[in-house]
Every structure is written in structure tokens, then in C-alpha cells.
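4 protein chains.
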Amino acid sequence: MEADYSFSEDVKIYDTDAQGIVHYSGYYRFFTDAMQEFIKWKGHSFPIIDQNKWMVVLESNAKYIKSARLGDTLKTSLNVSLVSKKILRFDFDITCKDETICKGYILHICIDKNVWKSAEMPQDFIDSLIKKV
Amino acid sequence: MEADYSFSEDVKIYDTDAQGIVHYSGYYRFFTDAMQEFIKWKGHSFPIIDQNKWMVVLESNAKYIKSARLGDTLKTSLNVSLVSKKILRFDFDITCKDETICKGYILHICIDKNVWKSAEMPQDFIDSLIKKV
Amino acid sequence: MEADYSFSEDVKIYDTDAQGIVHYSGYYRFFTDAMQEFIKWKGHSFPIIDQNKWMVVLESNAKYIKSARLGDTLKTSLNVSLVSKKILRFDFDITCKDETICKGYILHICIDKNVWKSAEMPQDFIDSLIKKV
Amino acid sequence: MEADYSFSEDVKIYDTDAQGIVHYSGYYRFFTDAMQEFIKWKGHSFPIIDQNKWMVVLESNAKYIKSARLGDTLKTSLNVSLVSKKILRFDFDITCKDETICKGYILHICIDKNVWKSAEMPQDFIDSLIKKV
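Chains as they are written, first to last, in the numbering used here: chain C, 22 to 154; chain F, 22 to 154; chain W, 22 to 154; chain V, 22 to 154.
Worth double-checking, as some hints may not be accurate.
Where chains are identical, the list cannot tell them apart; a pair therefore holds if satisfied intra-copy or between any two copies.
[Said to hold, decoys possible] Computed list of lysine-lysine pairs in DSBU-like fashion (alpha-carbon distance at most 30 angstroms, straight line): (1) Lys118 / Lys74; (2) Lys118 / Lys134; (3) Lys107 / Lys63; (4) Lys138 / Lys118; (5) Lys138 / Lys87; (6) Lys87 / Lys74; (7) Lys96 / Lys138; (8) Lys124 / Lys106; (9) Lys96 / Lys84; (10) Lys84 / Lys61; (11) Lys134 / Lys87; (12) Lys107 / Lys118; (13) Lys63 / Lys134; (14) Lys134 / Lys96; (15) Lys106 / Lys74.
It is worth saying that the hints were derived from the structure and are not from the lab.
Required output: the full structure, derived from the provided sequences and hints.
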């Protein structure tokens, strides 16, 4: 499947740990960078969409296939899908030299931050993310 | 189910983000702290067990139920189970004021770090973690 | 000089980097932990003191003398001093096995967060931190 | 003074804290990114130069002038200077919308990592960093 977006960056020294590889939670930094850059490219802010609507995380998951090391260039590809008008799912695939090294997903729910209750995402936000057929 | 171990600590300012709550990847810090303190209490080092055997992460998962904020005292309870002689699973339950706010799990595989191939965990390491009936 | 407070914790795997030692910015985590625990002990919140008064950082500095490694128990001692009614200085000394491995300081200024301008710290906050002679 | 290099990136959600601004230690991430990208551009690895020579941090300092927020584009400019054949100094200036918001410096010393003693930097590494007149 073709990705909706991909973002490349190098592994930094602070991403690594004493095992000489990227620390497992460091991959969530790559996921986050790809989401934020993708949504900026779509013309919106993330995860704070506007003064009222915020996206907060419901679930995060990553499967680690191969290790990445200092200086490796990683390409994080993502696909976005609408679970409901309130819930957004991102699927990730991180490659290093064209080989998948990590796969994962993040589920976000939209909230009205003034009452901290779930709410529908703004329609123009949804429209910008989801391709029409 | 009774937890094998629990570790309490306060949410620090660097755990939070501009939404005023703990950033989703911050919960992996609490998971990691609980694992490392648990295994220290069992008399071993983690995730670098010894000069040859290292535990590396295969999968991480967290489900977020309620938000935690600056200064909240969180209690991370864990249960450990043996998937095989090479693979260890930790299940986590984080509570704030006796209410579960996050649940998750981490799968580790043991490697021989000299050849970077999977290997059995040291027997005394296994014995220290798993309760006999 | 006797420290006003000290806080001990172990180096976690995420504090280390591919050089096998604590990453230089990781020591600011130990500084932050010691400040937050100290001020909690004094009966206040930090760095968000209350709904109006926040402490924000003006300057940070650390000198690295010896490296710390995974599992090392570090003791962070701090001394607090009043630069003015608006500015607080913390001096830090981190020891590992009774040897100083890192020294540093952090300067905070108090702001009224509603107007984001410098302001005097609450008097009871000052009184709690500074020893009377 | 003209900068030797500059690197731009957006403030990510994990760089911010509950005060809604970049956490003070987050600026060291921007310093580190600029250093690593600069030295990659010069054809070398950093801070692990090669199998024997590593750069480790002696001192870090940052002065905070104005706050940065989620989504702000920051430009980190750096100048490098040779304190000795063993010690390298980086000076940083971070701007947001052409205004300086943070200034700082980092001192690194070269070590022979096999004996963990100070050592001269490789000559081709020095030559690549320092402009000839």
C-alpha cells in the first residue's frame, strides 16, 4: 500500500541507549515527528488543532523488527484512517536502507478541551486528511 | 490479580506536554522504571543482564484511560511471565489515586550481544523472576 | 557546605546513550527531579507554584567531571538561594559512590502567567525555601 | 558574526511541557541536532567519530531569552572553535521569526574510548571543521 506521507530523519545520539541501538520508546519520537509534519503539510496544527479541539492518544503500539543505530537515516511512512468522526488511526512503517525495521500504530481521540470530553473532529480537519475517491 | 511488584513516583514537569498532561510516550518511562527497579530488587541488572546476555524489546503497547498531570503520584504495578526461555512479557497497570489510568505490556527477547542473535536467558535470571508453585 | 536537600535515584537505560554513559542532557533530568522533590517536601508545587505564579528557567549549566553508567546510584544535592524576590538559583552537586561527577546550576524567574511578565514569588513560597538565621 | 552552520526544525509536542512552552532541557535537543547535522555535512560522524575517538561533553550552558511554543520553527545557528587539539567549543544562537530566543554553548573533549583518556582529535576531523584563512 502506498503511504499517505513519509518523513526522513537521522538517528540522533539521544535516541540511542547503552545497548548502542535506538531505545524502544525512541521510535515513538519518529512516529510523532511524522504525524506532526504530515498534518502541518495538510495545513493544520497537531495535536492541538485549535483553541477548542485537541487530539489525545488512546493507544500506542510498536513492533521492533531490526535495530537502528546512531546516524542511520530512517524513513517513517504513515497511513491515516478514520475510525469514527472522533477517532483517528495512524499506521506506521519505519524503514532503514529500504528494509522495514519497525511497525506500529497510534489511535487518537478528539476532545473538547474546555470540558475534556470526546468530540467530533472539525470537518475541515477531517476533509484535509482523508482522500476522496 | 496481585502484582509481582509496584513502583511509585511523581509526574515530573518533563513528563508533561503543552496539553497539560503526561505525553503518551512518557508512560513508557514509568514502565521502564518499574521493570528496572523490579529486576534490581530481584538481584539482577536490566536490560543488560551480563556481559553476554541482553534483553531487547520486541513489542510495546499502552492504552490510555485517563490523563495524569504534573505532581500526580503514579503507582506502576507489573506482572512478569515467561513466553519462552528467550522471551519475557511484562504487563503493566498504572494507577493514580487507586484508579487505573494506563495499561500496557512490553515483550523482551534475550540476545547474545556478541553475535546479536536470540539466546536463552540465564537460568538464575529466570529463576529469580518466576515464582515457584 | 551542607546541602539543603538531596535526592537519590538510579541511572535508567533511557538516560544512557550509545557511548554507554549518561547523555549530557540527562543530568538535567536529575537536577529537575531534585528540585521538584525538594519543593514538594517544602509543601509547594513546582515549577507551577499556583494558578498565577510560575517559575520559568533563565539559565542552565552543567559541568561533567566523570561519567555515570546504567544502574549507578546518583545522589543529587542542591542548595537554593534568593537572587532577588523574583529570581531563584539552585546549585547542584551529583555524586556517585561519594565522588562528585557533575556540578551545575539553574536560574529561575517567577512570572505572572496571565500576562507572562516577571513577578515576585509568593511570600510563603520564599519563606518555605530560605532558612532563617 | 556569520554562523558556520544553521539547522531549522519545528517544535514538537514532546519538546513542550505543562507550561505550554519548550522545556528548558529541550533546547539541548536543538543544539545536539545542529551539531550532528553540521558534522555530517562536513563528512564525519558525531559524537562517535570513529572506532577509537569519541567526543564527550565537558560543559553545557543555555540562556533562555524568550519562550518557544508548539509548531514554532526554530533556526539553530552554530559556530565552532578549537580550544585545543583535544577540546572543541560550539556556540549556539536559536532564533524564532528572526529574533534570538536562546543562546548557549557546549564544550566537548576528545577521548580514546579504549582507555577512556583524553586524546587529540583526528587531524582530518579538525581540518574539516576549522576554516583556513
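Now the hints, each set against the structure:
Taking the shortest alpha-carbon separations for Lys118 and Lys74, only the inter-copy value of 26 angstroms comes in at or below 30 angstroms, while the best intra-copy value is 38 angstroms. Taking identical chains as interchangeable, the C-alpha atoms of Lys118 and Lys134 lie at most 30 angstroms apart only when they sit on different chains, with a minimum of 22 angstroms there against 41 angstroms within one chain. Taking the shortest Cα distances, Lys107 and Lys63 sit within 30 angstroms of each other inside one copy (18 angstroms), while across copies they are farther apart (43 angstroms). When the C-alpha separation of Lys138 and Lys118 is checked against a cutoff of 30 angstroms, the pair qualifies only between copies, where the shortest distance is 21 angstroms, while the shortest distance within a copy is 43 angstroms.
Taking the shortest Cα distances, Lys138 and Lys87 sit within 30 angstroms of each other only across copies (11 angstroms), while inside one copy they are farther apart (39 angstroms). Only between protomers do Lys87 and Lys74 lie at most 30 angstroms apart by alpha-carbon distance; the minimum there is 17 angstroms, versus 37 angstroms within a single protomer. Only between protomers do Lys96 and Lys138 lie at most 30 angstroms apart by alpha-carbon distance; the minimum there is 25 angstroms, versus 35 angstroms within a single protomer. Taking the closest pair of Cα atoms, Lys124 and Lys106 come within 30 angstroms of each other both inside a single copy (25 angstroms) and across two copies (25 angstroms).
Within a single copy, Lys96 and Lys84 get their C-alpha atoms as close as 16 angstroms, and across copies as close as 26 angstroms, so both meet the 30 angstroms cut-off. Taking the shortest alpha-carbon separations for Lys84 and Lys61, both the intra-copy value of 26 angstroms and the inter-copy value of 26 angstroms come in at or below 30 angstroms. In this assembly of identical chains, Lys134 and Lys87 lie within 30 angstroms of each other by CA distance solely across copies; the values are 14 angstroms between and 38 angstroms within a copy. In the homo-oligomer, the alpha carbons of Lys107 and Lys118 lie at most 30 angstroms apart only across protomers (28 angstroms), although the nearest pairing inside one protomer, at 36 angstroms, exceeds that limit.
For the homomeric pair Lys63 and Lys134, the shortest alpha-carbon distance inside one copy (22 angstroms) is at most 30 angstroms, but the shortest distance between copies (32 angstroms) is not. Taking identical chains as interchangeable, the C-alpha atoms of Lys134 and Lys96 lie at most 30 angstroms apart only when they sit on different chains, with a minimum of 26 angstroms there against 33 angstroms within one chain. With identical chains, the CA atoms of Lys106 and Lys74 are at most 30 angstroms apart within one copy only, with a shortest distance of 13 angstroms there and 38 angstroms across copies.
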